[in-house]
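Undergrad: Each chain is listed here by its residues.
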Amino acid sequence: MNNEHNTYLGLVFGAIKTLLIGMKTSIKVYFRKKVTEQYPENRKELKMFDRFRGTLTMPHNEKNEHHCIACGLCQIACPNDTIKVISKNIETEDGKKKRILDRYEYNLGSCMFCMLCVNACPHDAITFDQDFEHAVFDKSKLILKLNHEGSKVEEKKKEQ
Amino acid sequence: MFDFSIVTNWVHSTLTSVMPEGWAVLIECVVIAVWIITLYALLAIALIYMERKVCGFFQCRLGPNRVGKWGCFQVFADVLKMLTKEIFNPKNADQFLYNLAPFLVIIASFLTFSCLPINKGASILDFNVGVFFLLAASSIGVLGILLAGWGSNNKYSLIGAMRSGAQIVSYELSAGLSIMTAVVLTGTMSFSGIIEYQADGWLIFKGHIPAIIAFLTYLVAGNAECNRGPFDLPEAESELTAGYHTEYSGMHFGFFYLAEYLNMFIIAAVAATIFLGGWMPLHIGGLDGFNAVMDFIPGFVWYFAKAFFVVFLLMWIKWTFPRLRIDQLLSFEWKYLMPLCMANLLLMTLMVVFGLHF
Numbered sequence: 001m002n003n004e005h006n007t008y009l010g011l012v013f014g015a016i017k018t019l020l021i022g023m024k025t026s027i028k029v030y031f032r033k034k035v036t037e038q039y040p041e042n043r044k045e046l047k048m049f050d051r052f053r054g055t056l057t058m059p060h061n062e063k064n065e066h067h068c069i070a071c072g073l074c075q076i077a078c079p080n081d082t083i084k085v086i087s088k089n090i091e092t093e094d095g096k097k098k099r100i101l102d103r104y105e106y107n108l109g110s111c112m113f114c115m116l117c118v119n120a121c122p123h124d125a126i127t128f129d130q131d132f133e134h135a136v137f138d139k140s141k142l143i144l145k146l147n148h149e150g151s152k153v154e155e156k157k158k159e160q
Numbered sequence: 161m162f163d164f165s166i167v168t169n170w171v172h173s174t175l176t177s178v179m180p181e182g183w184a185v186l187i188e189c190v191v192i193a194v195w196i197i198t199l200y201a202l203l204a205i206a207l208i209y210m211e212r213k214v215c216g217f218f219q220c221r222l223g224p225n226r227v228g229k230w231g232c233f234q235v236f237a238d239v240l241k242m243l244t245k246e247i248f249n250p251k252n253a254d255q256f257l258y259n260l261a262p263f264l265v266i267i268a269s270f271l272t273f274s275c276l277p278i279n280k281g282a283s284i285l286d287f288n289v290g291v292f293f294l295l296a297a298s299s300i301g302v303l304g305i306l307l308a309g310w311g312s313n314n315k316y317s318l319i320g321a322m323r324s325g326a327q328i329v330s331y332e333l334s335a336g337l338s339i340m341t342a343v344v345l346t347g348t349m350s351f352s353g354i355i356e357y358q359a360d361g362w363l364i365f366k367g368h369i370p371a372i373i374a375f376l377t378y379l380v381a382g383n384a385e386c387n388r389g390p391f392d393l394p395e396a397e398s399e400l401t402a403g404y405h406t407e408y409s410g411m412h413f414g415f416f417y418l419a420e421y422l423n424m425f426i427i428a429a430v431a432a433t434i435f436l437g438g439w440m441p442l443h444i445g446g447l448d449g450f451n452a453v454m455d456f457i458p459g460f461v462w463y464f465a466k467a468f469f470v471v472f473l474l475m476w477i478k479w480t481f482p483r484l485r486i487d488q489l490l491s492f493e494w495k496y497l498m499p500l501c502m503a504n505l506l507l508m509t510l511m512v513v514f515g516l517h518f
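Line by line, the protein sequences give chains A and B.
In terms of this note's numbering, the first sequence opens at residue 1 and continues consecutively.
In terms of this note's numbering, the second sequence opens at residue 161 and continues consecutively.
It cannot be assumed that every hint is accurate.
[To be verified] With the C-beta cut set under 10 Å, the calculated list includes, among others, these residues of chain A facing chain B: (1) L11; (2) V29; (3) T36.
Just so you know, these hints were derived from the structure itself, not from any lab.
These numbers come from a predicted model, not from an experiment.
Virtual Cβ for every residue (Gly too), placed ideally from N, Cα, C.
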């Protein structure tokens, strides 16, 4: 079998066969549906792929609650100092001191979308969404506050 | 089938009736020259647009689609841009050769272009050794490429030109031998004679096995002769920036670009003329009704349809295969393609001698 590919004619016929395989593949691509996205025209129906990293967001549930416990691991993980977790201490009803999130500041202008913050978060409080239209006229508009107004951390349900 | 020579004869007799023959011939020459240049430019625009679209489709893209509907004015915009750009002369370059080179390339391309018989009686240059003339004229182009490489005072240009020279000179043998195979069968070297021979069946059907082999080898050799992929290593972007036309700008670069595309068209058109019957409609023996319907389609439509079909084949090849290395390229020609062409020529000769063709 091995000899067949080393002879002169074996090489010729092998080459012709592989060339025809290549041409068959490319003509299939020729008639395939094109992958080009015509972006400004298809803004409405444009859907980015699932793992696309658009903007960092903090998902809130319908009761305006998030998962962030203000541990600051994302701030430590960030190589660009993009995230600032500002926390405050409060006293709960049963007299315990507790640290809760006050402001979660995210500077879109210095973010490089490495996703280290999302990976560092122990509570899956932050994630990237699909929104990529980031252009603004003023640099200060790039500093976003991710926790909503009046939101609070979602209390863990007592098990049993 | 409409014979275009009726029109040309009428023009000639009308002109000679009002002026001496010398003036009439001069006026006809000027008209023909303008016609060649116009057709050349229009075909170049059509080919560049086709190339960009076909390339896009082969890469699962849409190709140009912003300037005009489906991007059909993209190439016009590019041509306007090219015309307004500065023509640049590098320092220490051989100015005369540097400026001469693009004209040599385009003149060779014009000369070969004028050999193509577009319709019955509408061939501009047609004489008894037309095939020889075509091969000779097309090899002037390599001179222009070598001058461009030498005159540019640039190592990339020189390497590109040397590669191109080696490549074109080598592959001309295969191209010539494949055409000779067809000449053996038809017994004539004039293009009109070759087409007349195919009136009752295209050569690729009449000559069956050797004609098909000759058609394929001609496509490969022709593709290499006009420096197109996978044989585009004279202008391999990754190693030589742009090869022999690295230093050229503006319309001087445009001439190289035009000549490259038109040479591809010429290769396709010659293949269509010699092997696919040129402007001859598709005739199937015994089906008189079908043949009569086919005769209604004008010759130039058949001609351009066949030529553009072959152009599509060439583009398909170009956008499928990766570029060869120079030693692979030359060993392919000398060890595989040329022996195949010679064996094929022998096979065709034997077939003609023993009358085995249709």
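Undergrad: Are the hints correct? Go through all of them and say.
TA: Consistency of the hints with the structure:
1. Annotation: interface hint on L11 of chain A holds; nearest CB of chain B at approximately 8 Å, less than 10 Å.
2. For the restraint placing V29 of chain A at the interface with chain B, the shortest Cβ-Cβ distance is roughly 5 Å, inside the 10 Å limit, so the hint holds.
3. Because the closest C-beta pair between T36 of chain A and chain B is about 4 Å apart, less than 10 Å, the hint holds.
The structure meets every hint from the earlier list without exception.
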